[in-house]
Structure formats: C-alpha cells, structure tokens
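There are 2 protein chains.
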Amino acid sequence: MTPGFNDEKNGGGESGNNVLVHNPNLDAMTEDILYHFNLGTATHDLPAMFGDVKFVCVGGSPWRMKAFIEYIGRELGLADPTNEYPNICAGTDRYAMYKVGPVLSVSHGMGIPSIAIMLHELIKLLYHARCTDVTVVRIGTSGGIGLKPGTVVITKQSVDASFLPRFEQVILGKPVVRSTELDSDLAEELQQYSKDFDDFETVIANTMCTMDFYEGQARLDGAFCSYTEEDKQNYLKEAYAAGVRNIEMESSVFAAMCKLSGVRAAVVCVTLLDRQKGDQLTSSHDILQSYQQRPQMLVGHFIKRRLNAMDKGYPSSRDTDKAKSS
Amino acid sequence: MTPGFNDEKNGGGESGNNVLVHNPNLDAMTEDILYHFNLGTATHDLPAMFGDVKFVCVGGSPWRMKAFIEYIGRELGLADPTNEYPNICAGTDRYAMYKVGPVLSVSHGMGIPSIAIMLHELIKLLYHARCTDVTVVRIGTSGGIGLKPGTVVITKQSVDASFLPRFEQVILGKPVVRSTELDSDLAEELQQYSKDFDDFETVIANTMCTMDFYEGQARLDGAFCSYTEEDKQNYLKEAYAAGVRNIEMESSVFAAMCKLSGVRAAVVCVTLLDRQKGDQLTSSHDILQSYQQRPQMLVGHFIKRRLNAMDKGYPSSRDTDKAKSS
Chain R
1 MTPGFNDEKN
11 GGGESGNNVL
21 VHNPNLDAMT
31 EDILYHFNLG
41 TATHDLPAMF
51 GDVKFVCVGG
61 SPWRMKAFIE
71 YIGRELGLAD
81 PTNEYPNICA
91 GTDRYAMYKV
101 GPVLSVSHGM
111 GIPSIAIMLH
121 ELIKLLYHAR
131 CTDVTVVRIG
141 TSGGIGLKPG
151 TVVITKQSVD
161 ASFLPRFEQV
171 ILGKPVVRST
181 ELDSDLAEEL
191 QQYSKDFDDF
201 ETVIANTMCT
211 MDFYEGQARL
221 DGAFCSYTEE
231 DKQNYLKEAY
241 AAGVRNIEME
251 SSVFAAMCKL
261 SGVRAAVVCV
271 TLLDRQKGDQ
281 LTSSHDILQS
291 YQQRPQMLVG
301 HFIKRRLNAM
311 DKGYPSSRDT
321 DKAKSS
Chain A
1 MTPGFNDEKN
11 GGGESGNNVL
21 VHNPNLDAMT
31 EDILYHFNLG
41 TATHDLPAMF
51 GDVKFVCVGG
61 SPWRMKAFIE
71 YIGRELGLAD
81 PTNEYPNICA
91 GTDRYAMYKV
101 GPVLSVSHGM
111 GIPSIAIMLH
121 ELIKLLYHAR
131 CTDVTVVRIG
141 TSGGIGLKPG
151 TVVITKQSVD
161 ASFLPRFEQV
171 ILGKPVVRST
181 ELDSDLAEEL
191 QQYSKDFDDF
201 ETVIANTMCT
211 MDFYEGQARL
221 DGAFCSYTEE
231 DKQNYLKEAY
241 AAGVRNIEME
251 SSVFAAMCKL
261 SGVRAAVVCV
271 TLLDRQKGDQ
281 LTSSHDILQS
291 YQQRPQMLVG
301 HFIKRRLNAM
311 DKGYPSSRDT
321 DKAKSS
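If you read the sequences in order, they're chains R and A.
The letter at position 36 of the first sequence is residue 36 when you use UniProt numbering, and the numbering goes up by one with no holes.
The letter at position 59 of the second sequence is residue 59 when you use UniProt numbering, and the numbering goes up by one with no holes.
Note that these hints are calculated values from the structure, not bench results.
There's no promise every hint is true.
Which residues of chain A face chain R? A partial, calculated answer using Cβ under 7 Å [unchecked claim]:
#: 1; residue: 27
#: 2; residue: 30
#: 3; residue: 33
#: 4; residue: 62
#: 5; residue: 85
#: 6; residue: 93
#: 7; residue: 110
#: 8; residue: 165
#: 9; residue: 169
#: 10; residue: 172
#: 11; residue: 212
#: 12; residue: 216
For glycine and all other residues, C-beta sits at the position ideal for the given N, C-alpha and C.
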C-alpha cells in the first residue's frame, strides 16, 4: 500500500520541479487513455502538445475558460489574429481545454467529483508531457460572507462544512483524510498583484468547500429546506468566526490533489453576493459577468508578470502602469 | 425544523400526484430564479412552458441529452421537421435542456454535487409549472462488475462505497442520512420492456454510487493509486457479493431527492466495460457510442408504451413488433 512516486521521467538534464504522479502502474501501461479529455498517449504526442505548459487555469464553466484563453492571449501578445482557439477536447463534451503559449485553460464542471476526474487526467497529462515548474490556479465564482459582492478572495485554507482544513477521499470504501494546504507564497504574491487593480477589493481568507449548493450552503431557496433563517445566519456566523469569507464547491479536492502532485496551486474566486443578505443571484447579467472577469484579470496579470520575470520576452506594456481592470 | 410540505398548488380540481417541494419559503418569494438553468418565475411562464411534462430524462452529457430528445421526438412522431431542438437553457453553459411534447431532457454533468444542483432547480421548475404524475429517469453510463460490456443495469438500490443504501446530505455542517429507495414497480416495468430488445441484456441489480471515478472506484490508472490489483479485485468482489453490478457517480442523490419530491424515479445505465477485467475504456468510439444508445432506446420504448396506455394518441407503430434496437 505504499504509494509509488514517479518523478524521474525528466532525466538528469533538467532542474525544474516535475509534476508527480503516485501510481506505480502508470509507467508499465503501453497506453494511457485520458478518457474524459478524449486524449491519450498512443494517439497524441503529449510532450509536443503540452511540454511548454507553465500555467494551468481551471474553472467550472467552459465558456469562461474560453474567454480566459482569449483574454490571456491578448495580454501576452500571443493572440491568434482570428482569435479562434480550438477546443483541444473537442471530441468530448465532458471538459473544454484551450492553450496559448505556456498557458492552458481547462473547464472542470461543478463540484468535487467533477473537478477530481479532470485533475486526475490533467496531472497525468502534465506528467506524460514532462512539464516542469507548473502553477495551477482555479478561477471561480463563490458566495461571500460579510464581503461586498464582487470582492475577490484568494484562498488561505480550504475548509470543509465543519470548518476543518481537510478533504476526505474514500478509497476501497474507507475514508482517507488529505491536507488542503495551498501555497502561501503564491497567495501572497497574487495579493501583491491585486493592488494594481483599483476598482475591486481582494482579500486572503479561508474558503468553505461544500458538496451542495442549496442545503449544503444553508440556502433558504432550494427545493428542500428544513432550517430557519436564524439557523442559516448562525451557521454563516460560525463560518465567519472560523475565518471563512467565501463558499464554493471545488477548492478542497483541488488543494489536496495539487499538493499531492507537487504543483504550486492557488484558488482565486470572486464573490457574486453576500450570503448574509440573501441567497438568490439577483444582480444583472452584466454585473455578474463583470464580477466573473476579476479573477481572470488578476490571474492574467500575475501570469504576465511571472513570464516577464522569467525573461521569456513576452510584452510588458502593462507592467509599469497600474493594471487596467475594465 | 419541521419541513414544510408544499403540495396544494394544483387546487382541488386535479387528481394527479403533484411534485413536492419541502420548503416553506418558496411560496413567499416574489420571484424564484433558477440560476443554473437561466430561468425564473418572473421572467418565464413556467406553467405554459413545462406544465405538460410527464417524463424527465436526465444524463451527464449535454450531447447525449440532445441526441435523446431527437430520438424520442422521432419515436413519438413529434419530431420537428428541421430536427432542431433549441436548448431551453441556452443562456448558460451549466446545463442543457430540451423538450418535445411531454418529454423533458436535461443534462446534469458529472458527480453528486453537479446533479444535486440540477435536481433542486428541476424539482422547483416542475413545482412552479404545476406538473403532475411525473416520472424521472436517469440514463447514464457506468462501469460493470461481472457483466458483459454493453449490458444495461436498472438500479434496484443505489448503495454507497460501503454498499449501504444511503445518501449522506450535509446540512448546517451536520450529516443527515437519506434513503436511496427507488420505485420497484417502475424498475420491473422497465425490465419487462427490455425483453423487446434482442441484442443486449438488461438486469435489475444494485448500483454503487461513488464520489470519484479513479480512487473512489478502485481504478489502477489514476494519477494516484496506493492499492494493489489484488486490493482492487477484493473490493470489487465485496461489491459483487453485496449485489452491486455497476458503478456510477450520481444515482444516490438522484434517488434520495426524487423520493423526497414524490416523483417516480428509475436509474438505467449501460456498462461500458467489466471493471474486473480492466479500468481503461479501450473499446472503439463507435462501440461505446452504440452502448450509450441502449438506455435511450429502452427508456424511449417505455415512454412510448406509457403514452399509448394513457391513450394520448401518440403513434404506436412499434408496439406490436419487437422493438428494433439498431
């Protein structure tokens, strides 16, 4: 039952940090089919397709992840003149994947099981492609607690519905507890860059990750609700006291799996409403859309600065100015 | 903490079974926004749009649910001559929804949290639309245990990773256990209709519902694997001994929520492989596609027979013949 660590595939010539898998079976397989991506080691040259990836951004919505690749393509001066980015997973409707330069953008659907399938296959993809020094950021939406709607939260710790920083993975019918620790340096770095954006607040705080959007988050507007408004408010107060400032549905397994695979990881979510004031998303479509762009802008700015620091020669027009956020 | 039962909306004039919500807050809301469907009571006339729905088919993949509505439209003789079914949820990429006559087809993504969000909003939709006598069927894919790939499994009981027929819903941070009982008469009826299909087997058996596709289902080909082939085979043998013949990721919360809302529900999944013989989906695209059509054909046949029995005047060309399954 000892995990196998497969971290020697890059050979001795490279000094970067590899993406780790912990599965002694993988190297013995003649072919690895990444079923939900419609990709595979026998059918695709994964090192050629993905070997240069340094940043992976993931988010629930396929449309948002397409918008992100268009945005970052423009920001990095790598935009396709036709602005058409093919969906690399076009053969399936499970996930959507786009790439420009060293940036990969992948959708993950909603909830822990959906993102977990994607992350298993993403980690194997990065491993097979022999990627090094990869940073993975989840950009998402969330409900806020005690924050002005539109505030961006960089996750300090991802906690469960009891406010504990743990993710329970069931293996062979038995629960195995995993740490949901994220990279604190990366979180700090992102917060530093957030100061370049004048028109929204960014905070570092705990994020509660739930299994459900309605009863699991104490909403009063689901098909079923067996608790009172007072019960809800008390629960949100307890969460607030535990340092929780936003609630979403993927961060715990994201943190746990990224940590196991040795990639630097961060979670950057915008709050669409203050849950202490309501449950329904009543803001206009345009306002909600503009909120959703904020994590994209912050993470895009971070990627650009990082690439410039790595002296890759990408354009740096925005580096000396205040970043524009509109 | 007593649940409110909202089941009187149809008034005294109708005798059908209503779709129940258990939320005393709903009737007091001036507007109910079904956010992940991009529908709402103030913006859409839900009774006019959905009041005639008698059958709802749900499945993970939006493409498959589009294919299903095209199939059932043809089968019921209700096909749009252009064969174009607009996506009712076109304003969002979270779920896709299609309708023809009394049949609604909705995608739910992968995993319990994703289908749970959809079901909360679907149950509220059916309630607001004042639908009666609704049957909901999940048509999906699964891994089989000890069955020939392509076999269809009608779920008797949905069990968890410990083989218990229960679903744990966390509410205000505390677990609440719900029954995953499905309608046994409906399962039997579906199995009777399956005899009209010569070229595949259909069985009634238990279905294991897991939180994860890789480690949660004892696969050996994930990014992480801390157990041996022998551990895996022993776990699958235990599952088999508990009556489990297939494994998927949504049936438990589907059964629990349908039971709470008083709708008749069934789970009909095809097995894409025998997990005792492997983990990877190595069958050709065409074979996997043909397998995925089997639950659609069986449920389509069932709907057609039911509608004929209800004397709705839908075509009955296939009723006296053996159903064709190709």
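Verification of the hints:
Proximity of residue 27 (chain A) to chain R is violated relative to the hint, the smallest CB-CB distance being about 12 Å (cut-off 7 Å). Of the supplied interface hints, the one on residue 30 (chain A) is violated, with its beta-carbon coming no nearer than about 10 Å to a beta-carbon of chain R, more than 7 Å. The interface hint given for residue 33 (chain A) holds, since its Cβ lies 5 Å from the closest Cβ of chain R, which is under the 7 Å cut-off. Restraint check, residue 62 (chain A) versus chain R: the minimum CB separation of about 5 Å is within 7 Å; hint holds.
Restraint check, residue 85 (chain A) versus chain R: the minimum CB separation of about 16 Å is more than 7 Å; hint violated. A cut of 7 Å between beta carbons decides the hint on residue 93 (chain A): the least distance to chain R is about 5 Å, and the hint holds. Interface restraint check for residue 110 (chain A): the shortest CB-CB distance to chain R comes to about 5 Å, inside 7 Å, so the restraint holds. The closest approach between the C-beta of residue 165 (chain A) and any C-beta of chain R is roughly 15 Å, which is over the 7 Å cut-off, so the hint fails.
Below 7 Å, beta-carbon pairs count as interface contacts, and residue 169 (chain A) has one with chain R at about 6 Å; its hint therefore holds. Of the supplied interface hints, the one on residue 172 (chain A) holds, with its beta-carbon coming within about 5 Å of a beta-carbon of chain R, less than 7 Å. Evaluation of the residue 212 (chain A) hint against chain R yields a held restraint, the C-beta minimum of about 5 Å falling below 7 Å. The restraint placing residue 216 (chain A) at the interface with chain R holds, with a minimum CB-CB distance near 5 Å, inside the 7 Å limit.
Going through the hint list in order, the structure does not satisfy hints 1, 2, 5 and 8.
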